[in-house]
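First to last, the sequence lines map onto chains A and B. Residues 1140 to 1436 in my numbering are what the first sequence spells out, letter by letter. Residues 6 to 336 in my numbering are what the second sequence spells out, letter by letter.
There's no promise every hint is true.
What the hints assert, rightly or not - If you want the ones that stay clear, here's a sample from chain B, every Cβ over 10 Å from chain A, calculated:
#, residue
1, Phe10
2, Ala16
3, Val29
4, Gln61
5, Arg62
6, Asn120
7, Gly139
8, Gly142
9, Ser144
10, Tyr149
11, Val177
12, His302
As the list claims (entries may be wrong) - Subject to a maximum C-alpha distance of 25 Å in a straight line, what follows is the list of computed PhoX-like cross-link-like pairs (lysine-lysine):
#, chain 1, residue 1, chain 2, residue 2
13, B, Lys193, A, Lys1296
14, A, Lys1305, B, Lys305
15, A, Lys1214, B, Lys37
Hints were generated in silico from the structure; no laboratory data involved. For each residue, glycine too, the CB sits at the ideal point set by N, CA and C.
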Amino acid sequence: MRGLKFVVAVWMIMMLLLPAAAAARDIAPFESTGWLEKSLKSPKVVIVDVRKPEEYAAGHIPGAVNVFYGSWAIKRGDLLNELPADDDLRDVISAAGIQPQSWVIVAGKNQTMPERTDVTRVAFTLRYAGLQNVAVLDGGYDKWVAEKKAVSTVAVKPKAKPYKGKFNKQFIVNKDYVMGALDKALIADVRAPEFYKGEKKLDFVPKMGRIKGAVNLPPGLLYNPDGTYKNKADIEAAAKPIVGADLSREIVVYCDTGKVCTNWWFALHELLGYKNVKVYDGSSMEWMKDTVAPSAP
Amino acid sequence: MACTFCHKGDAAAVDMKTAHNGIVKRPSDNLKICGMCHKPIAENYGKSLHYTSAGQRHGVGGRFSEAEVKTFDEKVFETACRSCHASCGDCHVKAPAVGGLSIGLIEGHKYVKRNEGKTCAFCHGGRVYPEFTGEYGGSVDVHYQKGMMCMECHKKAEFHGDGNAYRSKQEVGDRPKCQNCHKFGSQKEYKMTTRIAHEKHQGKVSCYGCHSSGEYRQCYDCHLGTGSTSKPGFILGKNPRNMKEVTTLRLIPTVRDTFAKAGIKMENFDQLPNYWNAPVHNIKKRTDRTRNCDACHVEKKNFLTKETLIPNGSKANEGLIHSPKAIPIQR
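Only chain A is shown next, with the shape it has when bound in the complex (with noise of 0.2 Å):
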């Protein structure tokens, strides 16, 4: 009897253990070129290059797939940078070669805020999509082809396989879940302090200002001067005073099209192990156009 007990204490142990374990990454949320360049034979390693295809042509990190960023966040109705259908994601993941187990470097350009936002907004797909090794490539095709490393003009042509991960629905919320969770959760404006003070806004955006309670995360935080990202522990510095030291408070991160937040999404949940953060998907164009939804100033 005494050691069915003992049997069944480690079971219950090692299921304690297993999303832990489970959550456990192989490669760096944001990897280097250095470290790339040296892991390009690695089987595991899948390059997913996020640019045009034209300008996959004319040159590539070698090995690189290119599924071009519009494969991966589409207009829905009048709301852009919206997540496929599962099936039609499924589909991009599938004919990428992009397995479970994959190491998924994303690349692309780097020298705006929403060329490097196309990247980590691919990121977070592939993490929502259930994916647990994906890394941004600091810096990106920008700094890679600056080093000098070799780049390819020979497009690569993945084998298909179907991929059939789990999805992580919990990483993205809607608009009903803001409105339900705003006297519980932290709600993380992600844009410059001029658009959360209400001074400016995108031509999209129905009207100025914020979702009301939320404070200011701005996206231009996570870099440093060339368009790499910080250190890890800058990056914390700079959120701590923000969103807190508490690693399991629900935070919801948003932008004006759910694209530019996935930065902070990426960083927060990612490389700070903030256990519960969430992306709302509608962002600005949504809230701001709902005459009920509470906004401030």
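Model the placement of chain B on the given structure of chain A, informed by the hints.
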């Protein structure tokens, strides 16, 4: 090869004025210049639709009386339409100035043999190309998604001509067809619902009718001299070139007073519709219509109706209205 080989002028001159004496700004407007080295291509190209712009003339010509055709040729076609014809350099060297955009010299007067982002997109950058890449309409074409570019489907003869002088692209025999690659009944139709849907709709609905994935550019109210305005839209209706088929329609911007400035009333305006079948380049495997029969057969979503026709449009527009029938339920 020196600049003066094509552009003339005086390379030995020490001041700009003398150097530019006799300069030819657009040497490839004269096909003989390019034909010195690329004779067979230049000979064909002189008759191609890209060079003659005959498609534009033919497209609108059906709205004119005989007298108006003459006025159009004299006052409009040569001065307006023909100014859009593509010389060799427009595609392969210098992008034509569309909306003030021209990057030829910034790119160092670089010749490109094939680079669709330049050779095609600078003329077709208003409608087809940005719809293909998803930059207009927000839904990238599955072929672009897989890295396919224009020339994967469109062959050289479509660009350079095949030696025949066609009135419009409809007369060109060798044009891309979806079924060149996607055969009906192939093993890729592995789902029974797919096979049935293709069987039931074959000859009745174009591929675009179901697989065009989202809004595309619709142009409104074109007036000679001021141009037109545009907005995204998705329109389904009968194909004016094949009334047995339902397809995606694109509004063309010719309105009753488009050529009023040139004194053309368009006496036969109502002979042709304002909507034409559009091979929209935003194809997806799955769309709201392939996912749900009700989108067309119950909701009749995006179908042209009397209420949605443009005001004061052609009387021929009403003939394009189609109302899909409900699917009979077998008990």
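Do the hints match the structure? See the list:
1. Phe10: Phe10 (chain B) clear of chain A: closest Cβ-Cβ about 28 Å, beyond 10 Å.
2. Ala16: holds (32 Å)
3. Val29: Holds, since 31 Å exceeds 10 Å.
4. Gln61: Given that every Cβ of chain A is farther than 10 Å from that of Gln61 (chain B), nearest at about 28 Å, it holds.
5. Arg62: Holds, since 32 Å exceeds 10 Å.
6. Asn120: Asn120 (chain B) is in fact no farther than 10 Å from some Cβ atom of chain A, at 7 Å.
7. Gly139: It is violated; Gly139 (chain B) is separated from chain A by about 4 Å at its closest Cβ, not greater than 10 Å.
8. Gly142: At roughly 7 Å from the nearest Cβ of chain A, Gly142 (chain B) sits no farther out than 10 Å, so the non-interface label is violated.
9. Ser144: violated (6 Å)
10. Tyr149: violated (6 Å)
11. Val177: holds (26 Å)
12. His302: holds (21 Å)
13. B:Lys193 / A:Lys1296: At roughly 19 Å apart (the allowed maximum being 25 Å), Lys1296 (chain A) and Lys193 (chain B) satisfy the hint.
14. A:Lys1305 / B:Lys305: violated (35 Å)
15. A:Lys1214 / B:Lys37: violated (47 Å)
The structure shown violates the earlier hints numbered 6, 7, 8, 9, 10, 14, 15.
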